[in-house]
Amino acid sequence: MANNEDISGFDDLAVFLDICDTGGFRKTAQRLGLSPSSVSERVKRLERQVGVPLLTRTTRSVSPTDAGRSLAERLLPLYYEARAALKDAASSQREVRGLLKLNVTGAVMVDILPPLVGRFLEMHPGVRMEFVVEDRLVDAVAAGCDAGIRYGEHLAQDMIAVPLGPRRQRCALAASPSYLAGRRRLLHPKDVLDHECIRLRFSSGAYVLWEFEREGEALTVDPQGRLVVGVDAAAAAIDFARSSRGLIYTFENWLQPHFASGDLEPVLPEWWTTFDGPSLYFSRRFMPAPLRAFIDFVGSERRD
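Everything in the sequence shown is counted per UniProt numbering, starting at 1 for the first residue and increasing by one.
Just so you know, the hints here were simulated from the structure itself, not pulled from any lab data. It should be emphasised that the depicted structure is a prediction, and the values quoted were computed from it without experimental measurement. There's no promise every hint is true.
Stated by the list, open to error - Per label pair, the in silico range of CB-to-CB distance:
#	residue 1	residue 2	range
1	214	58	52 to 62 Å
2	74	259	51 to 61 Å
3	296	275	51 to 61 Å
4	275	114	20 to 30 Å
5	122	226	43 to 53 Å
6	51	109	44 to 54 Å
7	27	191	41 to 51 Å
8	77	202	25 to 35 Å
9	226	115	33 to 43 Å
10	227	50	46 to 56 Å
11	125	284	41 to 51 Å
12	243	37	17 to 27 Å
Note that beta-carbon positions come from the ideal geometry of N, C-alpha and C, so glycine has one too.
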(Lines of atoms letter the chains of each structure in order from A and count residues from 1; the text may use other names and numbers.)
(Lines give C-alpha, C1' and ligand atoms only; values in the text may rest on other atoms or scores of the structure.)
Protein backbone atom coordinates (compact mmCIF):
# COMPACT_ATOMS: atom_id res chain seq x y z
CA MET A 1 0.00 0.00 0.00
CA ALA A 2 1.52 3.35 -1.00
CA ASN A 3 2.01 5.89 1.76
CA ASN A 4 1.66 9.65 1.46
CA GLU A 5 5.41 10.07 0.98
CA ASP A 6 5.34 7.69 -2.01
CA ILE A 7 2.49 9.64 -3.61
CA SER A 8 4.09 13.04 -3.03
CA GLY A 9 7.34 11.69 -4.45
CA PHE A 10 5.55 10.76 -7.67
CA ASP A 11 4.05 14.26 -7.83
CA ASP A 12 7.50 15.78 -7.27
CA LEU A 13 8.91 13.75 -10.15
CA ALA A 14 6.06 14.92 -12.40
CA VAL A 15 6.87 18.56 -11.54
CA PHE A 16 10.59 18.00 -12.17
CA LEU A 17 9.95 16.43 -15.59
CA ASP A 18 7.62 19.26 -16.56
CA ILE A 19 10.28 21.86 -15.65
CA CYS A 20 12.76 20.01 -17.87
CA ASP A 21 10.22 20.40 -20.69
CA THR A 22 9.17 24.03 -20.11
CA GLY A 23 12.51 25.39 -18.91
CA GLY A 24 10.91 27.47 -16.19
CA PHE A 25 9.29 27.22 -12.76
CA ARG A 26 6.61 29.76 -13.61
CA LYS A 27 5.65 28.04 -16.89
CA THR A 28 5.33 24.71 -15.08
CA ALA A 29 3.27 26.35 -12.35
CA GLN A 30 0.87 27.75 -14.96
CA ARG A 31 0.63 24.44 -16.83
CA LEU A 32 0.01 22.33 -13.70
CA GLY A 33 -2.14 24.85 -11.86
CA LEU A 34 0.29 25.23 -8.95
CA SER A 35 1.85 28.27 -7.29
CA PRO A 36 5.52 29.01 -8.18
CA SER A 37 6.44 28.56 -4.51
CA SER A 38 4.83 25.11 -4.48
CA VAL A 39 6.77 24.12 -7.61
CA SER A 40 10.02 25.34 -6.04
CA GLU A 41 9.35 23.44 -2.80
CA ARG A 42 8.62 20.20 -4.66
CA VAL A 43 11.93 20.45 -6.54
CA LYS A 44 13.84 21.18 -3.32
CA ARG A 45 12.19 18.17 -1.66
CA LEU A 46 13.16 15.92 -4.56
CA GLU A 47 16.75 17.21 -4.52
CA ARG A 48 16.97 16.52 -0.78
CA GLN A 49 15.71 13.01 -1.40
CA VAL A 50 18.26 12.16 -4.11
CA GLY A 51 21.05 14.16 -2.47
CA VAL A 52 22.27 16.07 -5.55
CA PRO A 53 21.19 19.22 -7.43
CA LEU A 54 18.91 18.37 -10.34
CA LEU A 55 18.37 21.84 -11.81
CA THR A 56 20.61 24.82 -12.48
CA ARG A 57 18.75 28.07 -11.85
CA THR A 58 19.67 31.48 -13.24
CA THR A 59 17.70 34.71 -13.34
CA ARG A 60 16.67 33.96 -16.94
CA SER A 61 16.38 30.19 -17.27
CA VAL A 62 16.30 26.80 -15.61
CA SER A 63 18.13 23.78 -17.04
CA PRO A 64 18.86 20.27 -15.73
CA THR A 65 22.27 19.41 -14.30
CA ASP A 66 24.05 16.33 -15.66
CA ALA A 67 22.46 14.30 -12.88
CA GLY A 68 19.07 15.88 -13.60
CA ARG A 69 19.31 15.20 -17.32
CA SER A 70 20.25 11.56 -16.72
CA LEU A 71 17.38 11.15 -14.27
CA ALA A 72 14.86 12.73 -16.67
CA GLU A 73 15.93 10.49 -19.56
CA ARG A 74 15.43 7.37 -17.45
CA LEU A 75 12.18 8.54 -15.90
CA LEU A 76 10.31 9.74 -18.98
CA PRO A 77 9.37 6.29 -20.39
CA LEU A 78 8.31 5.12 -16.91
CA TYR A 79 6.30 8.29 -16.33
CA TYR A 80 4.44 7.93 -19.64
CA GLU A 81 3.64 4.31 -18.80
CA ALA A 82 2.42 5.30 -15.33
CA ARG A 83 0.16 7.99 -16.82
CA ALA A 84 -1.28 5.45 -19.27
CA ALA A 85 -1.84 2.91 -16.47
CA LEU A 86 -3.69 5.48 -14.34
CA LYS A 87 -5.89 6.49 -17.27
CA ASP A 88 -6.58 2.82 -18.09
CA ALA A 89 -7.58 2.22 -14.47
CA ALA A 90 -10.06 5.09 -14.72
CA SER A 91 -11.38 3.57 -17.96
CA SER A 92 -11.49 -0.04 -16.77
CA GLN A 93 -15.28 -0.33 -17.03
CA ARG A 94 -16.87 -1.71 -20.16
CA GLU A 95 -17.66 1.86 -21.20
CA VAL A 96 -14.62 3.90 -22.25
CA ARG A 97 -14.28 6.83 -19.88
CA GLY A 98 -11.86 9.66 -19.19
CA LEU A 99 -10.24 12.67 -20.80
CA LEU A 100 -8.73 12.67 -24.29
CA LYS A 101 -6.45 15.69 -24.70
CA LEU A 102 -5.23 16.49 -28.21
CA ASN A 103 -2.65 19.03 -29.40
CA VAL A 104 -3.85 20.17 -32.83
CA THR A 105 -3.10 22.65 -35.57
CA GLY A 106 -5.82 25.26 -35.97
CA ALA A 107 -6.39 24.28 -39.60
CA VAL A 108 -8.27 21.11 -38.64
CA MET A 109 -10.58 22.91 -36.21
CA VAL A 110 -12.50 24.73 -38.96
CA ASP A 111 -14.31 21.94 -40.77
CA ILE A 112 -12.33 18.67 -40.56
CA LEU A 113 -12.27 17.76 -36.87
CA PRO A 114 -15.62 19.03 -35.49
CA PRO A 115 -17.86 16.50 -37.32
CA LEU A 116 -15.52 13.64 -36.37
CA VAL A 117 -15.55 14.72 -32.73
CA GLY A 118 -19.34 14.92 -32.73
CA ARG A 119 -19.72 11.34 -33.96
CA PHE A 120 -17.00 10.05 -31.61
CA LEU A 121 -18.59 11.62 -28.53
CA GLU A 122 -21.96 10.15 -29.46
CA MET A 123 -20.34 6.70 -29.53
CA HIS A 124 -18.49 7.23 -26.23
CA PRO A 125 -20.58 9.36 -23.84
CA GLY A 126 -18.10 8.71 -21.00
CA VAL A 127 -15.25 10.46 -22.83
CA ARG A 128 -14.37 14.14 -22.45
CA MET A 129 -12.17 15.91 -25.01
CA GLU A 130 -9.85 18.91 -24.70
CA PHE A 131 -8.02 20.59 -27.60
CA VAL A 132 -4.80 22.55 -27.27
CA VAL A 133 -4.64 24.57 -30.49
CA GLU A 134 -1.21 25.76 -31.64
CA ASP A 135 0.65 25.81 -34.93
CA ARG A 136 4.19 25.35 -33.63
CA LEU A 137 5.56 21.81 -33.74
CA VAL A 138 5.56 20.22 -30.28
CA ASP A 139 5.99 16.80 -28.70
CA ALA A 140 2.31 16.33 -27.88
CA VAL A 141 2.94 13.78 -25.11
CA ALA A 142 5.68 15.85 -23.47
CA ALA A 143 3.29 18.82 -23.58
CA GLY A 144 0.78 16.90 -21.48
CA CYS A 145 -1.46 15.73 -24.33
CA ASP A 146 -2.38 12.18 -25.33
CA ALA A 147 -1.78 12.71 -29.06
CA GLY A 148 -1.62 15.39 -31.74
CA ILE A 149 -3.00 16.24 -35.17
CA ARG A 150 -0.67 17.76 -37.74
CA TYR A 151 0.07 17.70 -41.45
CA GLY A 152 2.67 15.21 -42.70
CA GLU A 153 5.58 17.60 -43.05
CA HIS A 154 5.24 18.55 -39.38
CA LEU A 155 5.24 15.06 -37.80
CA ALA A 156 7.98 13.92 -35.44
CA GLN A 157 9.89 10.96 -36.90
CA ASP A 158 9.39 8.67 -33.89
CA MET A 159 5.61 9.04 -33.90
CA ILE A 160 2.99 6.74 -35.42
CA ALA A 161 0.65 8.57 -37.79
CA VAL A 162 -2.89 7.63 -38.81
CA PRO A 163 -4.55 9.64 -41.62
CA LEU A 164 -7.54 11.64 -40.42
CA GLY A 165 -10.05 13.52 -42.56
CA PRO A 166 -9.53 14.03 -46.30
CA ARG A 167 -6.67 12.05 -47.82
CA ARG A 168 -5.75 14.94 -50.10
CA GLN A 169 -6.31 18.70 -49.85
CA ARG A 170 -5.50 21.73 -51.97
CA CYS A 171 -4.42 25.29 -51.35
CA ALA A 172 -6.38 27.75 -53.47
CA LEU A 173 -6.11 31.36 -54.61
CA ALA A 174 -9.25 33.48 -54.59
CA ALA A 175 -10.67 37.00 -54.74
CA SER A 176 -14.07 38.65 -54.83
CA PRO A 177 -15.74 39.32 -58.20
CA SER A 178 -15.77 43.06 -57.48
CA TYR A 179 -12.03 43.06 -56.76
CA LEU A 180 -11.26 41.24 -60.01
CA ALA A 181 -13.60 43.39 -62.10
CA GLY A 182 -11.71 45.88 -64.24
CA ARG A 183 -8.29 44.41 -63.39
CA ARG A 184 -6.05 42.55 -65.79
CA ARG A 185 -6.69 38.80 -65.69
CA LEU A 186 -4.03 36.79 -63.84
CA LEU A 187 -2.29 34.37 -66.20
CA HIS A 188 0.67 33.25 -64.06
CA PRO A 189 1.37 33.08 -60.28
CA LYS A 190 3.92 35.89 -60.61
CA ASP A 191 1.05 38.17 -61.61
CA VAL A 192 -0.04 38.26 -57.95
CA LEU A 193 2.88 40.64 -57.31
CA ASP A 194 0.86 43.34 -59.06
CA HIS A 195 -2.15 42.88 -56.76
CA GLU A 196 -3.27 43.58 -53.21
CA CYS A 197 -2.64 40.43 -51.22
CA ILE A 198 -3.94 39.24 -47.84
CA ARG A 199 -1.25 37.23 -46.05
CA LEU A 200 -1.61 34.69 -43.26
CA ARG A 201 1.10 34.37 -40.62
CA PHE A 202 1.88 31.51 -38.22
CA SER A 203 2.37 32.15 -34.51
CA SER A 204 6.10 31.55 -35.11
CA GLY A 205 6.16 34.72 -37.23
CA ALA A 206 6.60 32.90 -40.56
CA TYR A 207 4.21 33.66 -43.41
CA VAL A 208 2.10 30.96 -45.03
CA LEU A 209 3.90 30.30 -48.30
CA TRP A 210 2.07 30.85 -51.58
CA GLU A 211 3.04 27.71 -53.50
CA PHE A 212 1.97 26.89 -57.05
CA GLU A 213 2.51 23.97 -59.40
CA ARG A 214 1.52 23.03 -62.95
CA GLU A 215 2.82 20.41 -65.39
CA GLY A 216 6.05 19.92 -63.48
CA GLU A 217 6.72 23.61 -62.89
CA ALA A 218 6.67 24.60 -59.23
CA LEU A 219 7.30 28.00 -57.69
CA THR A 220 6.78 29.95 -54.51
CA VAL A 221 5.64 33.56 -54.60
CA ASP A 222 6.16 35.94 -51.65
CA PRO A 223 3.91 38.96 -52.31
CA GLN A 224 3.76 41.98 -50.07
CA GLY A 225 0.54 42.20 -48.10
CA ARG A 226 -1.06 45.34 -46.73
CA LEU A 227 -3.22 43.06 -44.62
CA VAL A 228 -1.54 40.37 -42.49
CA VAL A 229 -3.67 38.08 -40.31
CA GLY A 230 -2.70 35.28 -37.92
CA VAL A 231 -3.71 31.84 -39.09
CA ASP A 232 -5.87 31.45 -35.99
CA ALA A 233 -8.07 34.23 -37.39
CA ALA A 234 -8.14 32.98 -40.97
CA ALA A 235 -11.91 33.47 -41.12
CA ALA A 236 -11.33 37.20 -40.74
CA ALA A 237 -8.80 37.13 -43.59
CA ILE A 238 -11.34 35.40 -45.80
CA ASP A 239 -13.88 38.07 -44.90
CA PHE A 240 -11.37 40.73 -45.99
CA ALA A 241 -11.15 38.99 -49.37
CA ARG A 242 -14.94 38.83 -49.60
CA SER A 243 -14.92 42.60 -48.96
CA SER A 244 -12.71 43.12 -52.03
CA ARG A 245 -9.50 43.85 -50.10
CA GLY A 246 -7.38 41.61 -52.32
CA LEU A 247 -6.26 38.08 -53.18
CA ILE A 248 -6.15 35.36 -50.53
CA TYR A 249 -4.33 32.03 -50.54
CA THR A 250 -5.50 29.32 -48.15
CA PHE A 251 -7.16 25.90 -47.90
CA GLU A 252 -9.62 25.23 -50.73
CA ASN A 253 -12.08 23.60 -48.31
CA TRP A 254 -12.23 26.88 -46.33
CA LEU A 255 -13.05 28.78 -49.53
CA GLN A 256 -15.55 26.37 -51.09
CA PRO A 257 -18.63 27.79 -49.28
CA HIS A 258 -17.74 31.25 -50.60
CA PHE A 259 -17.20 29.93 -54.12
CA ALA A 260 -20.67 28.37 -53.89
CA SER A 261 -22.24 31.63 -52.68
CA GLY A 262 -20.46 33.70 -55.33
CA ASP A 263 -18.69 35.88 -52.75
CA LEU A 264 -15.32 34.65 -54.03
CA GLU A 265 -14.02 33.41 -57.37
CA PRO A 266 -11.24 30.87 -57.99
CA VAL A 267 -8.05 32.41 -59.35
CA LEU A 268 -5.45 30.38 -61.30
CA PRO A 269 -7.07 27.02 -60.35
CA GLU A 270 -4.79 25.19 -62.78
CA TRP A 271 -1.87 26.17 -60.50
CA TRP A 272 -3.33 25.05 -57.17
CA THR A 273 -1.13 22.66 -55.18
CA THR A 274 -2.27 19.36 -53.70
CA PHE A 275 -0.92 17.81 -50.49
CA ASP A 276 -1.65 15.02 -48.01
CA GLY A 277 -4.39 15.63 -45.46
CA PRO A 278 -3.79 15.72 -41.70
CA SER A 279 -2.83 12.79 -39.47
CA LEU A 280 -3.39 11.80 -35.87
CA TYR A 281 0.05 11.13 -34.37
CA PHE A 282 0.84 9.34 -31.14
CA SER A 283 3.39 7.17 -29.36
CA ARG A 284 2.93 3.45 -28.65
CA ARG A 285 4.45 4.00 -25.22
CA PHE A 286 1.44 6.08 -24.15
CA MET A 287 -1.96 4.65 -25.06
CA PRO A 288 -4.81 5.43 -22.62
CA ALA A 289 -8.18 3.88 -23.35
CA PRO A 290 -9.87 7.03 -24.79
CA LEU A 291 -6.99 7.42 -27.25
CA ARG A 292 -7.21 3.77 -28.30
CA ALA A 293 -10.93 4.25 -28.89
CA PHE A 294 -10.34 7.41 -30.94
CA ILE A 295 -7.68 5.67 -33.08
CA ASP A 296 -10.10 2.82 -33.78
CA PHE A 297 -12.84 5.33 -34.60
CA VAL A 298 -10.60 7.26 -37.03
CA GLY A 299 -9.68 3.99 -38.75
CA SER A 300 -13.32 2.95 -39.12
CA GLU A 301 -14.25 6.37 -40.52
CA ARG A 302 -11.63 6.01 -43.25
CA ARG A 303 -12.89 2.59 -44.28
CA ASP A 304 -16.49 3.81 -44.65
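query = Are residue 275 and residue 114 spaced within 20 to 30 Å by their CB atoms?
reply = holds (21 Å)
request  = Starting from the hint 46 to 56 Å, judge whether the C-beta atoms of residue 227 and residue 50 obey it.
outcome  = At 55 Å between Cβs, range holds.
key: Range hint 51 to 61 Å (beta carbons of residue 296 and residue 275) holds or violated   = Because 26 Å falls outside the window, the suggested range is violated.
query = Regarding residue 27 and residue 191, is the given constraint of 41 to 51 Å on their beta-carbon distance met?
reply = For residue 27 and residue 191 the Cβ distance comes to about 46 Å; the hint holds.
Hint check for residue 284 and residue 125 - Cβ pair distance inside 41 to 51 Å = For residue 284 against residue 125, whose Cβ atoms are near 27 Å apart, the range 41 to 51 Å is violated.
request  = Given the range 52 to 62 Å, decide if the beta-carbon distance of residue 214 to residue 58 lies inside it.
outcome  = holds (53 Å)
task = For the range 44 to 54 Å, tell me whether the beta carbons of residue 51 and residue 109 fit it or not.
result = With Cβ atoms ~47 Å apart, the hint holds.
key: residue 77 paired with residue 202, Cβ distance criterion 25 to 35 Å   = At roughly 32 Å between Cβ atoms, residue 202 and residue 77 fall inside 25 to 35 Å, so the hint holds.
inquiry  = For the hint 17 to 27 Å, verify it against the beta carbon of residue 243 and that of residue 37.
reply    = Distance hint for residue 243, residue 37 is violated at roughly 51 Å.
query = Has the hinted range 43 to 53 Å been met by the Cβ atoms of residue 122 and residue 226?
reply = Between residue 122 and residue 226, where Cβ atoms are some 45 Å apart, the hint holds.
ask   = So the hint says 51 to 61 Å: do the beta-carbon atoms of residue 74 and residue 259 match that?
value = holds (55 Å)
query = So the hint says 33 to 43 Å: do the beta-carbon atoms of residue 226 and residue 115 match that?
reply = Distance hint for residue 226, residue 115 holds at roughly 35 Å.
Checked against the numbered hints given earlier, this structure breaks hints 3, 11 and 12; the rest are met.
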